[in-house]
Amino acid sequence: MKRRVAALATLAAALLLAACGKKEAPPPPPPPKPAAEAAPEFNVLATSDLRDLEPLSEMIAKATGVKVKFRWGGTMESTEAVLTGEAKAAAAWFANAKYLLSSPQGQQRVKLQEKIMLSPIVVGVSESDARRHGWDKPGVKLTWKDFAAAAKAGKLTYALSNPATSNQGFMALMGVVAAAGGKTEALSAADVDRGAIADFLKGYKIPGDNSTYLSEQFIALQGTRANAFINYESWILSLNASGKLREKLVPLHPFEGVSTADYPFMLLDDSRRADYLKVVEYLKSDAAQTWLARQTLRRPIKPEVAARVEDVLPRQGLQVELPFSPDRALADGLIAAYLNEFRTPIASTFVLDTSGSMQGGGRRQQLVQAIHYIAGADASLTGRIAKLTNRERIWLQPFAEAPYGLVGFDVPASSSTAKGVAEQADSEAKQKVLADVRNFADALEMKGGTALYDAVYVSLQNMLKERAKNPRYQYSVVAFTDGENNKGRSLEQFKRDYAALPEDVRGIPVFWVLFGEANEGALKELAKLTGGQVFDARKRSLYSVFKDIRAYQ
Amino acid sequence: MAMTTPKRLAITLALAAAFGGALYFALRGQKHEQIAQQEAAVTASTAELKGLIALDVEGYFKDPRVIKALAAKRLPANVLRIGSRDMASKVAPGQTPDFFFSSGVVAANQVVEAARRANLPATQMAPFHTPLVIASWEPVAKILVANGVAKPVSPKVYGVDMARLTQLMLAKKRWKDLKDSAAYDVSRSVLVSTTDLRRSNSGAMYLALTSHALTGDIVTDRATAQATALKLAELFKRQGYQENYVDGNFDDYVAIGIGKTPMAFIYENQLVRYALTKGGVGAEMVLLYPQPTIVNKVVFVAMNERAKALGTLLGSDPELQAIAVEYGFRIADAERFVAAVKPTGLAVEPRVTQVVDPPSFEIMAEMIDVVAKEMTQ
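Same order as they appear, the protein sequences are chains D and U.
Following numbering that gives the first Met the number 0, the numbering of the first sequence begins with 0 at its first residue and continues without gaps.
Following numbering that gives the first Met the number 0, the numbering of the second sequence begins with 0 at its first residue and continues without gaps.
Among the clues, some could well be false.
[Claimed, not checked] Ranges between beta-carbon positions, derived for each pair:
hint, chain 1, residue 1, chain 2, residue 2, range
1, D, G181, U, N118, 46 to 52 angstroms
2, U, G215, D, S187, 31 to 37 angstroms
3, U, P154, D, S284, 31 to 37 angstroms
4, U, P342, D, G181, 44 to 50 angstroms
5, D, S127, U, P342, 34 to 40 angstroms
6, D, S284, U, G215, 30 to 36 angstroms
7, U, K230, D, G84, 22 to 28 angstroms
[As the list claims (entries may be wrong)] Short, incomplete list of chain D residues facing chain U, as computed with Cβ under 7 angstroms:
hint, residue
8, K97
9, S101
10, G105
11, E184
12, T223
13, Q294
14, T295
15, V319
16, F323
17, E427
These are calculated hints, taken from the structure and not from any lab test.
Backbone N, C-alpha and C define an ideal beta-carbon position, used for all residues, glycine too.
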């Protein structure tokens, strides 16, 4: 009996033991009076879908005196940071923290939490297609199963952020699992209907890792490559209001499968409790709630404010929520299966600068480390996303005076189970390929000039050729350089030659890594041209940048 | 109004206080001498009493009228809100606050237990109370009535037969399987949503209540506790993710609504407070009173004589009691509570008559342990 009692009060006991040696001490608990003058910054680690809340920091400072400073991160990477205690922030603000808070470790990190606003995940379908398929009629009830069937039939082609790294992507998959399994509760890894997932993913045409990037892609490709955008209602409504779309999106709420982001604001650093409470009080004030609703189109957590903003956020009918399964084996198994079995496999060329300048300043070492990283065995939440996945094809294209020594590697497929999902250990064949990639990196020698544009150009040609032979892959190029282009094609020549490539080369984005003395302006221009993105590795480790890029591939 | 009802409630409350009270008296015996010495010194003081309090009473303590009243009585309080379940960990010789004000008996008992281990005196008092109720929606309540699980007590107030409801949930019935369920014909299972019982008092009280519903009595022995908790674990597990802070479940009820929480297990004071603050509630919001239910005491744990005086004051001063009602709590004066709530349009049961006690501290711990283990599997 005693042991039971002790079990309940573990924390208490532990702290008591710790305090045993102490004698009289000054009286308790700290009076929450922060020094008003030299108030330290109140750092908030927020998921990147909250970027539109940046203006809040000024509003909070004005109302409360607390200097909130936001730092943005992906859902998985932020979750990992909080779990491991590496968040280096007073508070965290996620769209959804259920994955974090369903673990005892996460619960311990989070001292207080408060939901600030709401936004359900919806399937935003182009008006004309919604009408054509009769999806916009009142009373039509579409489940995630229906969306999976529509994707299979080619009626639904969508943009969605990476299910392995984002809440929206993950919850969409969970919705399909629940609807196809015919049950919404106590879902387990064994319940996963693999066919339904595969059907649903047939419509996944525009991948990416953050909503801003996805929006740019969707705006460019709406009607040609995709007719839908799966994201938070707030994001779909904002896009509609932006006037940038070819046609508006009809937000469809999956019947009995709605998953609402509730944006918990979470205290991590107990010593900042007083400031945290002030910030929360402000965020839940009528003024802040109204601002959030009108400016960001997220639904107020306070019903009375919601009633006042019905002109922009109409009252919803019955939206039956999908319970969140706290089963880790299901979540981890689903993510692993998505990456290694279900997703359109990645085929990409990494264009690697091996010019002389890479020799100095630990640059070579950083590059080798980054390649080791994606060909390694990091089991952390984000590591498993960065790692080469089963069925993946990767080419490494070194260049200096000119591109040379192209090598390709094929990661074998795993044996798939008939039912359910589970994390699997690497096969021997996969381990061998990973070792080959690492050995290749080890052997890289750094000397000569920088023929960046030639290397990217031949890589694009190579990818086009491979895609013609084997279209069932997701193609991309990662261009890494530490300096100005000084050999081969010039920027102007590259742009001209790029324009002469077949039109569909735009389906092969080029991700540019800014490192060393690379030309930022040129890379930004090229990212726009090639439908890619610039990743800045000047202030962060190269491997963490590679990790980010992996979520876009 | 029958005179017997408040009396019964009072007796129940007294009984419920007993297991904390017994501990206190045991402690008091040991510590009597020291306390007597301290008494003279502390009563003259006007220093702020430091308290760690639950979210439930934070608003109350920050109310300017309460601050003023306490200052006038030379018992000003400086409070900091923390989770009830974290309170016991703040008991440490020389560092313990003057008082704790926890959201319930379970957490308060943990504080007292920790105090006992640390050889510190601790006194429990319950100045306010509130019954545990199911916040629901008119269409859902009507379905329950049609299926013989609930019955209307007065307009917008329903009594729920907990034994029948528990059986229905354990039989894994879906809403659309029920008779006359057109208004809520969804394929979700009939389940009451709760906060995570590993972290919150109300979740634990739901376990206590369903254990009574299942066995027909208060569980008193370990074997029954284990067997019962094992059967009831699915009522928690099948909910999926549960909020693990006090207001999480209630927030979902008011903000997301019937689609997420057709039935939410809450403290009555949460919805009463909401109604009093907003001057009303949503048109379809109704309260279901479990029959029987558990009355939750907001437990004040005094760690010294001055704090004890504060606790006594909170429970006896008419003005302070009246303010407590504004925060949704029931006080000894039931009429006063009913009169205060009436203008909001929220219908409440004037007198909660069918009340049971939760099992003892040890038995509760045993049952929570079993369910917690099941939930992590």
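Evaluated hints:
{"no.": "1", "hint": "D/G181 x U/N118: 46 to 52 angstroms", "result": "violated, 58 angstroms"}
{"no.": "2", "hint": "U/G215 x D/S187: 31 to 37 angstroms", "result": "holds, 33 angstroms"}
{"no.": "3", "hint": "U/P154 x D/S284: 31 to 37 angstroms", "result": "holds, 34 angstroms"}
{"no.": "4", "hint": "U/P342 x D/G181: 44 to 50 angstroms", "result": "holds, 47 angstroms"}
{"no.": "5", "hint": "D/S127 x U/P342: 34 to 40 angstroms", "result": "violated, 52 angstroms"}
{"no.": "6", "hint": "D/S284 x U/G215: 30 to 36 angstroms", "result": "violated, 48 angstroms"}
{"no.": "7", "hint": "U/K230 x D/G84: 22 to 28 angstroms", "result": "violated, 38 angstroms"}
{"no.": "8", "hint": "K97", "result": "holds, 5 angstroms"}
{"no.": "9", "hint": "S101", "result": "holds, 6 angstroms"}
{"no.": "10", "hint": "G105", "result": "violated, 10 angstroms"}
{"no.": "11", "hint": "E184", "result": "holds, 5 angstroms"}
{"no.": "12", "hint": "T223", "result": "violated, 35 angstroms"}
{"no.": "13", "hint": "Q294", "result": "violated, 19 angstroms"}
{"no.": "14", "hint": "T295", "result": "violated, 16 angstroms"}
{"no.": "15", "hint": "V319", "result": "holds, 5 angstroms"}
{"no.": "16", "hint": "F323", "result": "holds, 4 angstroms"}
{"no.": "17", "hint": "E427", "result": "violated, 32 angstroms"}
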